[in-house]
Amino acid sequence: MLGTYIENVRKCVPLVHNITNYVTVNDVANVLLACGGSPIMSDEPEDVAEITAICGGLNINIGTLNKRSIESMFTAGKKANALNHRVLLDPVGAGASTLRTDTALKLMKEVKFDVIRGNISEIKTLARGSGTTKGVDADVADAVTEENLEDAVRFAKRFAEKSGSVAAITGAIDLVADSERCYVIRNGRPEMGKITGTGCQLSGMMTAFLVANPDHMLEAAAAAVCTMGLAGEIGFSRMQEGDGNSTYRNRIIDAIYNMDKDTLDKGANYEVR
Amino acid sequence: MLGTYIENVRKCVPLVHNITNYVTVNDVANVLLACGGSPIMSDEPEDVAEITAICGGLNINIGTLNKRSIESMFTAGKKANALNHRVLLDPVGAGASTLRTDTALKLMKEVKFDVIRGNISEIKTLARGSGTTKGVDADVADAVTEENLEDAVRFAKRFAEKSGSVAAITGAIDLVADSERCYVIRNGRPEMGKITGTGCQLSGMMTAFLVANPDHMLEAAAAAVCTMGLAGEIGFSRMQEGDGNSTYRNRIIDAIYNMDKDTLDKGANYEVR
Amino acid sequence: MLGTYIENVRKCVPLVHNITNYVTVNDVANVLLACGGSPIMSDEPEDVAEITAICGGLNINIGTLNKRSIESMFTAGKKANALNHRVLLDPVGAGASTLRTDTALKLMKEVKFDVIRGNISEIKTLARGSGTTKGVDADVADAVTEENLEDAVRFAKRFAEKSGSVAAITGAIDLVADSERCYVIRNGRPEMGKITGTGCQLSGMMTAFLVANPDHMLEAAAAAVCTMGLAGEIGFSRMQEGDGNSTYRNRIIDAIYNMDKDTLDKGANYEVR
Chain A
29 MLGTYIENVR KCVPLVHNIT NYVTVNDVAN VLLACGGSPI MSDEPEDVAE ITAICGGLNI
89 NIGTLNKRSI ESMFTAGKKA NALNHRVLLD PVGAGASTLR TDTALKLMKE VKFDVIRGNI
149 SEIKTLARGS GTTKGVDADV ADAVTEENLE DAVRFAKRFA EKSGSVAAIT GAIDLVADSE
209 RCYVIRNGRP EMGKITGTGC QLSGMMTAFL VANPDHMLEA AAAAVCTMGL AGEIGFSRMQ
269 EGDGNSTYRN RIIDAIYNMD KDTLDKGANY EVR
Chain B
29 MLGTYIENVR KCVPLVHNIT NYVTVNDVAN VLLACGGSPI MSDEPEDVAE ITAICGGLNI
89 NIGTLNKRSI ESMFTAGKKA NALNHRVLLD PVGAGASTLR TDTALKLMKE VKFDVIRGNI
149 SEIKTLARGS GTTKGVDADV ADAVTEENLE DAVRFAKRFA EKSGSVAAIT GAIDLVADSE
209 RCYVIRNGRP EMGKITGTGC QLSGMMTAFL VANPDHMLEA AAAAVCTMGL AGEIGFSRMQ
269 EGDGNSTYRN RIIDAIYNMD KDTLDKGANY EVR
Chain C
29 MLGTYIENVR KCVPLVHNIT NYVTVNDVAN VLLACGGSPI MSDEPEDVAE ITAICGGLNI
89 NIGTLNKRSI ESMFTAGKKA NALNHRVLLD PVGAGASTLR TDTALKLMKE VKFDVIRGNI
149 SEIKTLARGS GTTKGVDADV ADAVTEENLE DAVRFAKRFA EKSGSVAAIT GAIDLVADSE
209 RCYVIRNGRP EMGKITGTGC QLSGMMTAFL VANPDHMLEA AAAAVCTMGL AGEIGFSRMQ
269 EGDGNSTYRN RIIDAIYNMD KDTLDKGANY EVR
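Chains as they are written, first to last, in this note's numbering: chain A, 29 to 301; chain B, 29 to 301; chain C, 29 to 301.
Derived from the structure by calculation, the hints contain no laboratory data. Accuracy of the hints is not assured; some may be wrong.
Said to hold, decoys possible - Simulated crosslink set (DSSO-like; lysine-lysine; CA at most 30 Å straight-line):
1) A:K106 with C:K107
2) B:K134 with C:K107
3) C:K152 with A:K39
4) B:K95 with C:K107
5) C:K222 with A:K39
6) C:K134 with B:K95
It should be emphasised that the depicted structure is a prediction, and the values quoted were computed from it without experimental measurement.
Construct the complete structure from the given sequences, taking the supplied hints into account.
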């Protein structure tokens, strides 16, 4: 049962270093606090090695990358690897520009990631080594559906095998796979797509789950995905007439704050293929 | 009736590239999603041309400008012009510093803007080619009132004519003008001034309205102003005892999320002069 | 009574220049507006001298420092000193990295600060001239408790004397001291630690209090601490089943928005030692 993995986060209070975009960074910090972790942000090359050294995990998100922060991603990533910390890549917008695609691919070569979490278009771009995406959202043509699920699961496993990282591909149906097993997760609500940064928030939170469950990368990543999706369901159930995406954002973070082992065990909706 | 213009945004789902300040960027993203658009942020010179190419509109906001982002503004602005995308300038703090004033004026020379949206002090600074403002808020001495309305309308039209851009001047009374017609808008609430970034949010949303209504710059800009102001009224009506500016911020974004053609048609409060 | 000091903020509407981290900057802006101040952000070296010149106070927060913003901190700090503006330092993460510690110490040498506000681990690092902290949160071993209060008060006074700045050390028990007197404040709630940036928010708000009460640095700083803590209590009293840290964040800012002289006079919980 996945509830144990969030319980471990609350016990461990993992300190997570985030090199992340300035659009959603505040929500990433509050979600990390909500799930029981502790966030720290730093993206200056001269600062990141020491900051990442005092943490247990590193979350690299290329959402508003620039020359300075890219340098920091490599420096911090290598340092985290050297210290055997957990490291996650969120390749925001890979496929939308050459700089984003190339940075993500180069990071995958020079840094060992425990998990790569993105939407299906971003992960397909990384699998192909090039590609195009419609901005930071997944292309409809790429969407994982009940019809193409078999193929998508196979793709996720193969990507995990080739990259050496757990693949966490989120969308209407979420896939979290290593080379042999794939969690197919059906939590969440379509309205979550109307809130900026639920993916970024998930990546930050997932890094805390990885740190707190060092021997269970696949299950920890799946538990984080279920936590986010279930929080989306619980938050939605608390919406009232006239509420919209801003209140929904607060409700989801609140639901993560209140998530416990039992709630997650009961609400997590997944199968393993 | 202006309701059609938001309906078009929801149908078109315009992708808007924002080079904007880090203070209010998260709200800008959520407001863009609330109105039916889709946001993407990028401010690295090497990244912006490709990012803006996949979008339909570009929102340039100089609120926390720096050397790097300034370079990106010119690169992206020229690229957007070359692709005939809609482009908007929000000259935050023009008049408050030489760098801000000069950057805004230089942008106006080298980039063709469909709309320039700012407070009256900022726009007066741009009209004069120099000036001083009290920080990022309009100077009281500049305020558009019922008493000086005739003059202000004339000023707005002349600014639009000279700049070649629709002028969107927001305050207690909002003016949206091209060289011949001026929407005088009386939506909104004074308490909106106690929330950071309602102007930035409006600029992001307005860019989506421009993209979705390419043949109606003036009306689209006016519709965005009415949407924001009306959302301010609706949001305020939902405030409860003990609520303050933080809840009000959420309520306004929620109201935009729920805004439809009929609500906007009925609630928009304007005259054309 | 401390209520007078917030009343003065609402009368004066102090314009505060913030060079602050991008994690919590939006909340800092909204808290400044909530308490009656007016925020402006700028961190480009070429921009900051003019921006700080039009303000009454400068809030320097090293939370996500980089080479560019560090240069801006020195430029703005010296300019603010030359103009006799109020200046505050928030040494986020001092002790967590060499760059942070060294930057804070060098700022203290070259800029005169009216107040230095941090957690106990950060302030101890500055007192020693070096040190380690657990990320951006205070180390448990450093915590100010009823048991070590005498020593902590003595430490705060000595730090104030040596640094020439009022020391505002926040935690479960808050200490605000000059060389002779120390406010020992017992407002606040432990749940505030589950919201990112309550410290940053306090620093921004405190700067407004300093500007509006130029002859009472110690009392103004203490009043700001009581305002934040009391808002934390009031906000918590409005929490409902299912609410969490995201709603709590909104409730606290709302409570600051509604804070008046009487509420602060009645709710402030402090003694002077």
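A quick look at each hint next to the structure:
For the hint linking K106 (chain A) to K107 (chain C), the alpha-carbon distance of about 40 Å lies beyond 30 Å, and the restraint is violated. Annotation: proposed proximity of K134 (chain B) to K107 (chain C) holds, straight-line Cα distance about 27 Å (limit 30 Å). Taking the CA atoms of K152 (chain C) and K39 (chain A), the gap is about 27 Å. The hint holds against a cut of 30 Å. For the suggested pair K95 (chain B) and K107 (chain C), the alpha carbons sit about 21 Å apart, so the restraint of at most 30 Å is met.
A C-alpha spacing of about 15 Å is found between K222 (chain C) and K39 (chain A), which places the hinted pair at or below 30 Å, so the restraint holds. The suggested pairing of K134 (chain C) with K95 (chain B) holds, with an alpha-carbon distance near 25 Å, which does not exceed 30 Å.
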